[in-house]
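Please model the complete structure; the sequences and the hints are all you need to start from.
Protein chains: 2
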Amino acid sequence: MTYRYQQLEKWILQGIRDQRWPPGERLPSIRELCEYKQLSKATVMHALQRLEAQGILEARPKSGYYVTHPANTPSVSSRIAPPRPVTVSDLLLDIMQRSAAFDLLPMLNAGDLPVAMVSLNRCIGRALRRQKGSAHQYYDQPAGDAELRKQLALHAARRGWSTGRDQLCITSGCQHALFLALMACCEPGDVIAVEAPGFYGVLQLLQQLGLKAVEVPTTIDSGMDPEALEQVLTKWKVRACVLSPAFSTPSGALMPEQSRRRILELASRHDMAVIEDDIYADTGFTETPPPIKALDTEERVILCSSFSKSLSRDLRLGWISGARWHERIQHLKLVTQLASSRYLQQGVAEFMADGGYASHLRRQRSVLSARRDQLMRELSRWPHVQSFSRPAGGLASWVEFSPDVDVLAMYHQALKQGVVLTPGPLFSVSGQYRNCLRISFAHPWDEKRLEALAKVPQLIRHAKAGPIL
Amino acid sequence: MTYRYQQLEKWILQGIRDQRWPPGERLPSIRELCEYKQLSKATVMHALQRLEAQGILEARPKSGYYVTHPANTPSVSSRIAPPRPVTVSDLLLDIMQRSAAFDLLPMLNAGDLPVAMVSLNRCIGRALRRQKGSAHQYYDQPAGDAELRKQLALHAARRGWSTGRDQLCITSGCQHALFLALMACCEPGDVIAVEAPGFYGVLQLLQQLGLKAVEVPTTIDSGMDPEALEQVLTKWKVRACVLSPAFSTPSGALMPEQSRRRILELASRHDMAVIEDDIYADTGFTETPPPIKALDTEERVILCSSFSKSLSRDLRLGWISGARWHERIQHLKLVTQLASSRYLQQGVAEFMADGGYASHLRRQRSVLSARRDQLMRELSRWPHVQSFSRPAGGLASWVEFSPDVDVLAMYHQALKQGVVLTPGPLFSVSGQYRNCLRISFAHPWDEKRLEALAKVPQLIRHAKAGPIL
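Protein chains in written order, with the UniProt record's numbering: chain A, 1 to 469; chain B, 1 to 469.
Dumping the calculated EDC-like pairs for lysine to aspartate or glutamate here, alpha-carbon to alpha-carbon at most 16 Å:
{"#": "1", "chain 1": "B", "residue 1": "Lys10", "chain 2": "B", "residue 2": "Glu52"}
{"#": "2", "chain 1": "B", "residue 1": "Lys464", "chain 2": "B", "residue 2": "Glu400"}
{"#": "3", "chain 1": "A", "residue 1": "Lys132", "chain 2": "B", "residue 2": "Asp112"}
{"#": "4", "chain 1": "A", "residue 1": "Lys237", "chain 2": "A", "residue 2": "Asp271"}
{"#": "5", "chain 1": "B", "residue 1": "Lys132", "chain 2": "A", "residue 2": "Asp112"}
{"#": "6", "chain 1": "B", "residue 1": "Lys464", "chain 2": "B", "residue 2": "Asp404"}
These aren't lab readings, by the way, just hints derived from the structure by calculation. Remember, it's a predicted structure, so these values are computed and weren't measured experimentally.
So, in structure tokens, the structure goes:
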């Protein structure tokens, strides 16, 4: 299904590509477009504003909409749209809720459980059997189990981040940690800088908390661009910046140390909180890099993480280190959920203390790296690909097709064939990335998954050949 | 520690009791009080406003503060204070966070686990061992495990509430459900009607969400007074009413069917949401009464509950039935926490399907009823008690002492002796109930607990004899 504004958007884009309106040219007026295409003013405005947000058009007061310079070489500044309330369209919401959790195929529940999960489950089982007396009649302390926090602090120290158990609070996963972080340091209406492309879960949180997003461009190998962030901070008062410096989704970029230091300098100068989504750090193929939090001398970096990407999504255990907001965060956890399961935390703490987590990570690193290599070989044979990321960690690659490939059309076509794709526009609030896909290598390339992958090139060709209004 | 405004409050109360200012009399002016007691204007105002909130004083514009009619026979209307933002004092916050989870004694982790917990833990262990393939690499659906929701719907049917699994969403406990309910149907600044005395977890939620509380008086045997609620609704636009009709904390009151129907009529007439905290329902000594939700024909009752009071506080599993807000609630759960543990839900579902939960409740009902009886015998021998509740379910009784017993002083004195009390002011936003205590019978009356209980009469005598400024 295509909305009228989307049809108009496509038509204008095609006209720009065909040089009907070359760079610098004024577009027909809103009234002219309404009459010519038989559309309402609201529909025409909607399409023009979306193109403006993508940096393709530029509004000049009392004059009209002009074509900016070619979309393939925009300067960073022309790509930054002003802060806006987040409104996730129903279509994208539907994709997020029903399919974004899957990659290529719906869940299959067969085969053997990995050895790490077997020993983790044994630890959890032992913790359950160790329950005595009326311990189950008491809530755990809001900060979480002290032994688990100790193990997490030890794990942090091994990657160059020196922290203590008192600086950690256990949460129900990383999304819960991000929620607590935003709730603690922002007020409705505040402007939050986010990565573009960036994690859709953050965008939905901003929407629910009434926060505005300003999208900061990232590159597929080094993450958020500090120069672009600086331009944003010069223009707008930004309360917090959410970023994922280690193997961020969708591209798997790893932010270099120089950029990290630069971002902390900017945060200090503009009194901005930094919310670090650290969830992919332990998926690094050679090591777990240190977090930005390790460089934080001003108590302004809130680190959020969980076991979901590195061990199990079904544990629902994460953690947060809340810097100057830590006490408020712990209180918010208490108020919104009281506590986490004590037995579960004890089981995971035992698994870590036994070395189970560290040896799991050692095995996992080479497994993931091999899965990435196999995906890279496939991607290099796909048609109409302009670029794709080759991450050193994480669980996915970001593929950019030529601008006329429409991945939303492709998504629907793929679903009919039982293949689940993750379309680019999920990763933005401004409808960008209609020619991009995230492709995951989180799962083994078994026969069924390879079959699904083999269907994609034909889907790309079809999406490119699709009718343009 | 007593603050200056509290000292002044006590002094004025004493003067009222001594008939220095009889009912209808004007109090000295603010300036006079400042000079006479050598206090700042802010301190004097603070004390006067607190006494006004308690219905002891009445402010008449351009005239001053007047003593209302005697506090022991107030009409309902004089006891209702206007809606106010909730500010929990640091002292109460501290009590809530550190001690309110305990009753009489800190946690003891010894002795045998109850038989129901052993079989529940076996079910959870089996669910862990049944995990296959890469199921742990997928988040559960936001609504929660279908089999657990089916078991909850069957349990609901047995108590006269006909519901379906699609109307239930699994949460991380009842507090999490209450949070989702308030987040879904209210906006900051909205007025929420709450029980007085009522659950402090709700008051803290209102504070964090920027909601205003209006306290509706309850009675110790039948809960929220519908007549008082009607007066409130006539005066103020109330967005939602949070109430716990079955064995509410602190008194254990059970709301009669007539009051339930009356409250639903009022909700309908004033377009108000009803948030039903159902957490104690399964602790009923003879049966689990039906919820108000069973009478809801307009999709305006949100039911919140969990296993914390009836089975285990460490499971962190609750549920919500969100009426017309259900879809939004499910989305909020997704956005703030993604999902709940699938294996855990499967384990609990198996425990319920095996009949383990039903037989646990059967045993538990008579155990709790005997524990209540033993507490009642003790309470009837305590000094300076004016009344106490004799609930037919729940885990506590509400004890009201003569007005000159100060339970906050008693709380501090008790802590020094290793006894943990739950003081009355925890259950109100207006500093009421300084002469009330909640006493729990959640735990077995073992020797240590009986020893702690035996210390209370002396503590009461001491708190009554305490110096009054």
